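Chemist: Just so we're on the same page, the numbering used here is the position in the sequence shown counted from 1, plus 52.
There's no promise every hint is true.
Simulated DEER-style distance windows between Cβ atoms [claimed, not checked]: (1) 87 x 114: 37 to 47 Å; (2) 118 x 80: 49 to 59 Å; (3) 109 x 78: 35 to 45 Å; (4) 84 x 63: 15 to 25 Å; (5) 54 x 77: 29 to 39 Å; (6) 116 x 58: 25 to 35 Å; (7) 114 x 59: 13 to 23 Å; (8) 82 x 115: 44 to 54 Å; (9) 106 x 61: 11 to 21 Å; (10) 119 x 80: 50 to 60 Å; (11) 81 x 115: 49 to 59 Å; (12) 96 x 53: 16 to 26 Å; (13) 70 x 115: 34 to 44 Å; (14) 83 x 109: 34 to 44 Å.
For the record, the hints were derived by calculation from the structure and aren't laboratory data. Predicted, not measured: the structure shown is a model, and the values here were computed from it. Glycine is no exception: its CB is placed at the ideal position from the N, C-alpha and C atoms.
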Amino acid sequence: MKRLALKTFSYGILHMAVAINVAYLISGDWFIAFGIGLIEPFVQTGVFAVHDWLWEGRAPSREQMVEQTFHTH
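Construct the entire structure; sequences and hints are all you get.
Modeler: As structure tokens, then:
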């Protein structure tokens, strides 16, 4: 869980930097760019965390993969 939290945080920082710069390129205004760039990544980071958590919960464990691979009828 600690790794997932750190991964989510670093993704949030990267996403924020990209969002601010893209918003600035579109608007030409740093105030607007920071407004968009600070709000959107927070929402997207939360969505990413839930998405990643759902995918991790659905992935088969190693034991399940071994059992499926070597299972015979």
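Chemist: Run every hint past the structure and note whether it holds.
Modeler: So, going through the hints one by one against the coordinates:
no., hint, verdict
1, 87 x 114: 37 to 47 Å, "holds, 45 Å"
2, 118 x 80: 49 to 59 Å, "holds, 57 Å"
3, 109 x 78: 35 to 45 Å, "holds, 36 Å"
4, 84 x 63: 15 to 25 Å, "holds, 23 Å"
5, 54 x 77: 29 to 39 Å, "holds, 35 Å"
6, 116 x 58: 25 to 35 Å, "holds, 26 Å"
7, 114 x 59: 13 to 23 Å, "holds, 20 Å"
8, 82 x 115: 44 to 54 Å, "holds, 53 Å"
9, 106 x 61: 11 to 21 Å, "holds, 19 Å"
10, 119 x 80: 50 to 60 Å, "holds, 58 Å"
11, 81 x 115: 49 to 59 Å, "holds, 55 Å"
12, 96 x 53: 16 to 26 Å, "holds, 20 Å"
13, 70 x 115: 34 to 44 Å, "holds, 39 Å"
14, 83 x 109: 34 to 44 Å, "holds, 40 Å"
Violated hints: none; the structure is consistent with every hint.
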